[in-house]
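Undergrad: Starting from the given sequences, assemble the full structure and let the hints guide the process.
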Amino acid sequence: MSFRTIIRFLSLGFFIFLLWMTTFPLKGWFPVDFFLRLDPLIFLGTVISSRQLITALIPGLLILLLTLVLGRFFCGYICPMGITLDVTDKVFGPGKNNNTKLSAQKHAVMRNIKYLVLLFILGTCLLGISSVFLASPLSLVTRFYGLVLYPGLVFMGEGFLTLVMPLSSALGVSFLTYAELEPYRFATQWFILLFFAAVFALAYYSPRFWCRYLCPSGALMALFSRNPVVGRKVSEACTDCSICQKKCPMDAIDSDPTRTSHHECIACETCVRVCPEQAVNFGIGEKKSGRVTGYLPARRQVLASLAAGAGSALLIQTGISSVKSEFIPGNILPSSLIRPPGALPEESFLGRCIRCGQCMKVCPTNTLQPVWLDGGLGGIFSPKVLPRRGPCDPLCNACGMVCPSGALRSLPLAEKMWAKIGTSYIIPFKCLAWEWKRECLVCYEVCPYAALELKRVDGNPVPVPYVIHHKCSGCGACEYHCPVQAGSAIVVEPMESLRMSKGSYIDKGRAIGLDLEADPDRQRRPPGHLFDGDDPGDLPPGFSS
Amino acid sequence: MFPAYAGADSYPHISIAKGGLEEATKAAVSTLGGMKVFVSQGDKVVIKPNMSFAHPPERATNTHPEVVRALSEMCIEAGAASVMVLDNPLQGAELCLERSGIQEACRLVPQTSVHAFSSSRFFREVRLDQGKNMRQASVMQDVLEADVLIAAPVAKSHSATGVSLSMKGMMGLIRDRGIMHRRYNLSSAIVDLCTLLRADLTVIDATRVLSSHGPYGPGEVISARTIIASRDMVAADAKTVEMFPWYGRDIRPDQVAHIREAHERGLGRMDLENLETRTVTA
Ligand code: SF4
Ligand code: SF4
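Those sequence lines, one after another, are chains A and B. So for the first sequence, this note's numbering puts the first residue at 193; every next one is plus one. So for the second sequence, this note's numbering puts the first residue at 3; every next one is plus one.
By construction, these hints were calculated from the structure, which means they are not laboratory data. Check before you lean on any hint, since a few could be wrong.
Only pairs whose alpha carbons sit at most 27 Å apart, straight line, appear in this in silico BS3-like list of lysine-lysine [what the hints assert, rightly or not]: (1) A:K439 - A:K293; (2) A:K629 - A:K663; (3) A:K282 - A:K298; (4) A:K480 - A:K425; (5) A:K629 - B:K38; (6) B:K134 - A:K622.
TA: What follows is the structure in structure tokens.
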């Protein structure tokens with residue numbers, strides 16, 4: 193196994209390991225969003241769209257600067273997207289002796305596409321809408337592994353456990369018998385899967401099709417690696433056999449094999465290995481460049497892509513589905529768009545969120561789901577809380593901790609409990625207690641914030657639940673557990689959620705009269721109106737005469 | 003499946019023991035004749051405590067870990083082949099096992115395991131032949147296979163059913179509880195469930211009593227240092243209701259709908275005045 197193969201698989205393995213470690217409770221010895229922070233496009237795009245220097249993303253800038261020295265080594269050695277493609281290319285690729293099915297001409301035209309993609313994305317970022325998630329390789333690949341592969345594996349794991357259960361329980365292997373994997377389910381997974389299927393299938397035309405022609409991060413790094421310090425060099429021993437040119441997965445070698453398109457070269461050293469004369473090596477010193485002319489798209493195209501990006505952003509911002517903000521009049525706030533605790537105000541949130549899915553992967557109750565079109569086109573794949581799937585655990589603050597871009601603030605637990613995400617309300621004509629006069633009150637039972645109180649109403653033998661708004665955090669425990677089928681009889685909406693870029697949620701919450709302590713030892717004061725302590729006929733809740 | 007209620011020979015119907023957690027638990031059971039009366043050599047035992055909440059013992063929403071440990075030790079001493087402590091929790095299983103302290107407490111008891119799960123593969127749909135309204139339920143496979151079932155609830159109030167004691171606790175052994183709220187009258191469905199899940203021994207942890215705002219709390223916790231045991235779930239529940247104030251007020255067992263109905267349907271007895279009770283101090 194070559195040195196490069198080892199590095200690549202270590203890198204992919206580490207990526208998968210970190211994603212696997214992205215579970216609650218977080219261990220915290222290493223940032224699980226490490227790889228996302230390395231993506232130069234995530235750095236540049238997010239800084240532009242949020243108009244802020246986000247220090248957590250600076251590693252992406254460092255990679256970009258390193259490219260000046262080492263060329264596009266990131267693509268060849270570190271990027272989990274690229275390495276995944278190396279693997280799938282073996283399945284979908286054009287076969288051993290056929291590097292590419294595209295003519296040199298087509299290739300020359302198509303490799304400009306990635307610059308246009310980059311410019312389009314930067315164009316939207318200029319207008320404060322981040323479309324980095326559309327094509328940032330790390331955002332894409334994290335989403336793919338975390339939201340498509342991982343739940344699939346868990347599902348198969350459960351299937352496996354069910355299958356072996358008769359055997360394991362007969363043999364008394366109790367850790368196997370009673371192992372329970374938390375099932376995960378996500379929205380939009382079909383779209384993500386189809387997208388990746390398409391990217392994998394493009395290998396039919398050429399290996400690393402994505403990296404060659406489409407990847408905007410690759411394009412960004414290409415701009416910095418026109419003439420890297422360390423790069424491909426060919427010695428006098430070259431006999432012009434052109435084997436290297438045929439085998440190069442990036443088509444970075446000129447028809448004159450001593451010349452290299454360094455901005456396309458990912459330093460994978462395939463050429464070094466295939467050269468029968470051992471004429472190729474990577475090092476410092478004089479190097480020849482090839483096909484430099486015309487490597488950037490024409491000015492017209494540049495402007496057009498930038499304008500297309502900016503225009504799309506403009507369209508999104510003037511679309512009716514844009515969520516209410518400082519700039520947008522009216523009061524559109526989809527009732528299903530409950531953002532996770534600590535989410536920045538909607539605009540800043542959308543400017544920063546790179547839709548990597550880390551928060552959804554880490555959420556222990558699986559309540560965080562990728563949004564489809566609930567928040568307009570600009571909100572696609574961003575996280576929302578789906579209370580019917582699970583409640584937001586008051587003792588968990590994991591999503592903010594793993595968010596690489598700071599779209600969700602990283603909050604200490606005490607603060608997190610005050611980061612109100614919505615308010616619940618009761619639909620009395622669906623409620624088993626209100627409408628059906630049944631002893632239910634599950635919502636009251638499960639509310640960790642003691643935000644539900646019981647009251648007596650005339651003509652109803654059972655007490656009925658009421659929401660105390662200033663105590664409700666919007667966690668959704670009530671909606672999740674409500675036994676009413678189809679829609680719950682108690683529903684959380686993003687009403688009165690706290691969305692702050694800075695400052696303390698506790699201070700703010702106290703200032704506006706909230707009382708959100710999910711403190712286990714706090715006493716719930718018996719509501720005076722629940723029953724009359726002096727009237728022997730009036731009994732406490734649940735008792736009947 | 004479970005031996006029918008076997009009358010009270012020379013032992014009392016209900017035993018009450020006061021004192022430390024472990025001592026009181028052991029004394030309450032030995033007053034009923036000792037664990038050997040309930041558990042025979044090689045039996046599989048299931049203990050059903052409250053461990054549905056990710057709360058520490060002080061909060062009195064879960065059975066005290068020491069009580070559960072004492073019970074499982076007694077079962078093993080009496081010759082049980084295995085003891086399983088089971089519940090289908092309301093909150094995340096792992097958190098419940100951890101914060102309730104029950105898993106840790108039972109870690110060193112031989113042949114004993116503590117599990118909280120909700121996956122469908124652990125449950126089996128069974129008929130409730132004596133059910134009046136609810137006539138089927140999805141019950142934990144391990145419970146169906148057990149030789150002995152011990153109910154070990156904590157004493158607490160409950161917003162919907164007044165109290166949550168041994169009978170209400172049986173809801174933790176089935177998969178779909180929502181249906182009991184949604185489709186049936188909850189109290190009546192509890193009795194239907196207990197026609198099948200009829201504990202051989204009931205040991206109620208009233209060392210701390212959550213006397214208001216149950217089942218989740220926080221509510222008023224009375225420190226009572228008491229264990230109440232009986233072979234009759236209904237009698238144990240009834241006695242517990244009678245012994246403590248609920249929301250600061252005296253309540254009669256017949257004011258709890260599911261206790262009243264269970265008595266009427268002959269599942270057990272709540273006529274405490276006719277039952278022999280023995281109180282010991284451990
Ligand atoms: S949504 Fe709530 S439960 Fe889910 S990860 Fe965030 S803090 Fe944790
Ligand atoms: S009432 Fe509010 S705080 Fe309570 S469970 Fe419902 S959403 Fe959560």
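Undergrad: Of all the hints given earlier, name the ones this structure violates by number, lowest first.
TA: 5
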